[in-house]
Amino acid sequence: MADTVLYDVTDGLATITLNRPDAMNALNIEAKVLLRDTLQEAAADPAVRAVLLTATGRAFCVGQDLKEHIGLLAEDRATGTGGTMNTVREHYNPIVTALTEMPKPVVAGVNGVAAGAGAGFALAADYRVVADSASFNTSFAGVALTADSGVSWTLPRLIGHGRAADLLLFPRNISAQEAYELGIANKVVPAGELAEEAAAVARRLAAGPTLAYAAIKESLAHGAGHSLAETLAKENELQARAGASEDHGIAVEAFVKKEKPVFLGR
Numbered sequence: 008m009a010d011t012v013l014y015d016v017t018d019g020l021a022t023i024t025l026n027r028p029d030a031m032n033a034l035n036i037e038a039k040v041l042l043r044d045t046l047q048e049a050a051a052d053p054a055v056r057a058v059l060l061t062a063t064g065r066a067f068c069v070g071q072d073l074k075e076h077i078g079l080l081a082e083d084r085a086t087g088t089g090g091t092m093n094t095v096r097e098h099y100n101p102i103v104t105a106l107t108e109m110p111k112p113v114v115a116g117v118n119g120v121a122a123g124a125g126a127g128f129a130l131a132a133d134y135r136v137v138a139d140s141a142s143f144n145t146s147f148a149g150v151a152l153t154a155d156s157g158v159s160w161t162l163p164r165l166i167g168h169g170r171a172a173d174l175l176l177f178p179r180n181i182s183a184q185e186a187y188e189l190g191i192a193n194k195v196v197p198a199g200e201l202a203e204e205a206a207a208v209a210r211r212l213a214a215g216p217t218l219a220y221a222a223i224k225e226s227l228a229h230g231a232g233h234s235l236a237e238t239l240a241k242e243n244e245l246q247a248r249a250g251a252s253e254d255h256g257i258a259v260e261a262f263v264k265k266e267k268p269v270f271l272g273r
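Convert by adding 7 to the 1-based position in the sequence shown; the result is the number in this note's numbering.
Derived by calculation from the structure, the hints in this document are not laboratory data.
Among these hints, one or two may not hold up.
To be verified - For lysine-lysine, the following BS3-like pairs were computed, each having C-alpha atoms within a straight-line distance of at most 30 Å: (1) Lys224 <-> Lys241; (2) Lys224 <-> Lys194; (3) Lys265 <-> Lys224; (4) Lys194 <-> Lys267; (5) Lys264 <-> Lys194.
Source: prediction; values computed, not measured.
Starting from the given sequences, assemble the full structure and let the hints guide the process.
Quick look at the structure:
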């Protein structure tokens, strides 16, 4: 089980790597459990100041492992139960919650195709560095399912309701370049440079003002579903918190001295 998802913490950066390359990082139960638990560990670890989610092989993640899934559906029919689809509640929802509510920035290094829940996990990250050979595909309707893994929340916020409906109703491969033009990808780089560039972005964030980044994530999520007045009140609350941080004092002092601040993440 330890090989299904790899985990490393170095200099404040937690690198979480999906590691089922022969299965294009399809999500079997083992991988989903370990990914969920690893993300929650990273979220709770004060030594972690940023997270990089990436994968080995030629795919980022093609979503649900349908070979395992078909067997579980057969068990459901044989026993008269419907426990297979509980994976949304037990695995996908906690994974996406950990990504979006993590009080530190998350970078997705998308090395190849991201489909279904794999696309959902990439969309739940705060920043996406995408290989020029990678692609995205919602894929849900193609297997007679609706969106999960937070896609119905993240995708329209990135590209708008109409485009999101189009991609969900008519699933297709979206190239890295189109993903950039739509606003899904933040940066597209040559495939051979993906690992280095994604890590560089994540390391930069790991060296930044962690509490300020957490407040930025919280304010963006809050603003997406609240009025201007409520958002202004939230900004006031969060700015007071950020202003009381040690990093804010460090930044102001460095600015006055015309020096580069060295943030501590607190």
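The hints, checked one at a time:
no., hint, in the structure
1, Lys224 <-> Lys241, "holds, 12 Å"
2, Lys224 <-> Lys194, "holds, 19 Å"
3, Lys265 <-> Lys224, "holds, 28 Å"
4, Lys194 <-> Lys267, "holds, 25 Å"
5, Lys264 <-> Lys194, "violated, 33 Å"
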